[in-house]
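Novice: Spelled out from the first residue to the last, the chains are:
There are 2 protein chains.
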Amino acid sequence: MADTVLFEFLHTEMVAELWAHDPGPGGQKMSLSVLEGMGFRVGQALGERLPREMLAFREELDVLKFLCKDLWVAVFQKQMDSLRTNHQGTYVLQDNSFPLLLPMASGLQYLEEAPKFLAFTCGLLRGALCTLGIESVVTASVAALPVCKFQVVIPKS
Amino acid sequence: MADTVLFEFLHTEMVAELWAHDPGPGGQKMSLSVLEGMGFRVGQALGERLPREMLAFREELDVLKFLCKDLWVAVFQKQMDSLRTNHQGTYVLQDNSFPLLLPMASGLQYLEEAPKFLAFTCGLLRGALCTLGIESVVTASVAALPVCKFQVVIPKS
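Quick mapping for you: the protein sequence lines, in order, are chains A and B.
The opening position of the first sequence corresponds to residue -9 in the numbering used here, with each subsequent residue numbered one higher.
The opening position of the second sequence corresponds to residue -9 in the numbering used here, with each subsequent residue numbered one higher.
Careful: at least some of the hints might be erroneous.
Identical copies go unnamed one by one, so any copy, or any two together, can satisfy a pair.
25 angstroms max Cα-Cα, derived SDA-like pairs, lysine to any residue [stated by the list, open to error]:
| id | residue 1 | residue 2 |
| --- | --- | --- |
| 1 | K19 | R74 |
| 2 | K55 | V127 |
| 3 | K19 | L92 |
| 4 | K106 | T2 |
| 5 | K106 | Q34 |
| 6 | K59 | E26 |
| 7 | K19 | V137 |
| 8 | K55 | Y100 |
| 9 | K106 | G27 |
| 10 | K59 | E102 |
| 11 | K106 | K146 |
| 12 | K106 | R31 |
| 13 | K68 | E38 |
| 14 | K59 | A10 |
| 15 | K106 | V82 |
| 16 | K106 | L51 |
| 17 | K55 | A6 |
| 18 | K59 | N76 |
| 19 | K59 | F(-3) |
| 20 | K139 | Q18 |
FYI, nobody ran anything at the bench for these hints, they're computed from the structure.
Bound-form chain A, shown alone (with noise of 0.2 angstroms):
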């Protein structure tokens, strides 16, 4: 019945919870980094409940197309719409409607609101890759709704 969009009420609710008490700007940055937290430990979480010959990825490369695929497709029900490098550690991963983001009016009239429907996805995505044993530093950015960038940039030890 119900149970894909369960997900998407609950995100919607856990962001108007933190917003509704916001404090101004510095505020505003504790609740995005209490939904990055939230979405890291999800992320882990998930991670952890791959099948086992998940985590033996050799290849960076291979652990991204995974995250753009089958991680997509258990949260949101669909694929990234598209993934590029630079083969120096920095992937850009693109999704053309992003589902957190369109119950948002498209243009570019809201596009101060976005943030905070993006913060909770940058963790899952570094939860999984930390559980894949990858650190990385996950950053979003939206030039037109509902299409979203996820910067990964993986350090190279």
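Position chain B against the provided structure of chain A, taking the given hints into account.
Specialist: Coordinates of chain B only, in the frame set by chain A:
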């Protein structure tokens, strides 16, 4: 892959986050009320996505049976284990293995922790009933983990 557990992971994080800054008994009561409110709005939203013919229930008991079967399966991938009523507006819905309590050890040890894992679901039931045109009061009780009883009281108008 992992989509069925996504809701449970997110719920766990939400509870943890609300309790992380817990300022004593007054704060706990407010956190419970926040969770119940989030559940209510998610329940309402789920209710609005039901097929139209579902909204044409005539009998109160049919609505309750629907919650125990379809709504529970949509959210928890299982049916409620039993439904009892005094035929005067009070219904007791029992889940012998409530998924949101399963991560806790069974027995009496963590019984006092249980209420925070039930508030969201009480709201969920109240919200779905509200969308179906029924005002109610929903409470939950746990005698031994992970058995849980939800009591729905529908005031006679």
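Novice: State for each hint whether it applies.
Specialist: Okay, the hints, checked on the actual structure:
In the homo-oligomer, the alpha carbons of K19 and R74 never lie at most 25 angstroms apart, since the shortest distance is 29 angstroms inside one protomer and 48 angstroms across protomers. In this assembly of identical chains, the alpha carbons of K55 and V127 lie at most 25 angstroms apart only when taken from the same copy (17 angstroms versus 48 angstroms across copies). With identical chains, the CA atoms of K19 and L92 are at most 25 angstroms apart within one copy only, with a shortest distance of 23 angstroms there and 34 angstroms across copies. With identical chains, the CA atoms of K106 and T2 are at most 25 angstroms apart both within one copy (10 angstroms) and between copies (20 angstroms).
Both within a single protomer and between protomers do K106 and Q34 lie at most 25 angstroms apart by alpha-carbon distance, with minima of 20 angstroms and 23 angstroms respectively. Within a single copy, K59 and E26 get their C-alpha atoms as close as 21 angstroms, which meets the 25 angstroms cut-off; across copies the closest is 34 angstroms, which misses it. In this homomeric assembly, K19 and V137 come within 25 angstroms of each other (Cα to Cα) only inside a single copy, at 23 angstroms, whereas the closest approach across copies is 40 angstroms. In this assembly of identical chains, the alpha carbons of K55 and Y100 never lie at most 25 angstroms apart, being 30 angstroms within a copy and 41 angstroms across copies at closest.
When the C-alpha separation of K106 and G27 is checked against a cutoff of 25 angstroms, the pair qualifies both within a copy, at 13 angstroms, and between copies, at 20 angstroms. Neither within a single protomer nor between protomers do K59 and E102 lie at most 25 angstroms apart by alpha-carbon distance, with minima of 28 angstroms and 41 angstroms respectively. Taking CA atoms no more than 25 angstroms apart as the test, K106 paired with K146 passes in neither setting, with 29 angstroms inside one copy and 43 angstroms between copies. Taking the shortest alpha-carbon separations for K106 and R31, both the intra-copy value of 17 angstroms and the inter-copy value of 19 angstroms come in at or below 25 angstroms.
In this assembly of identical chains, K68 and E38 lie within 25 angstroms of each other by CA distance both inside one copy and across copies; the values are 21 angstroms within and 23 angstroms between. Neither within a single protomer nor between protomers do K59 and A10 lie at most 25 angstroms apart by alpha-carbon distance, with minima of 34 angstroms and 34 angstroms respectively. Only within a single protomer do K106 and V82 lie at most 25 angstroms apart by alpha-carbon distance; the minimum there is 20 angstroms, versus 39 angstroms between protomers. Proximity of K106 to L51 under the C-alpha cut-off of 25 angstroms is found in neither arrangement, the shortest distances being 28 angstroms within a copy and 41 angstroms between copies.
Taking the closest pair of Cα atoms, K55 and A6 never come within 25 angstroms of each other, the shortest separation being 32 angstroms inside a single copy and 31 angstroms across copies. Only within a single protomer do K59 and N76 lie at most 25 angstroms apart by alpha-carbon distance; the minimum there is 20 angstroms, versus 50 angstroms between protomers. In this assembly of identical chains, K59 and F(-3) lie within 25 angstroms of each other by CA distance both inside one copy and across copies; the values are 18 angstroms within and 20 angstroms between. For the identical chains of this complex, K139 and Q18 are intra-copy neighbours only, at 21 angstroms inside a copy versus 38 angstroms across copies, given an alpha-carbon limit of 25 angstroms.
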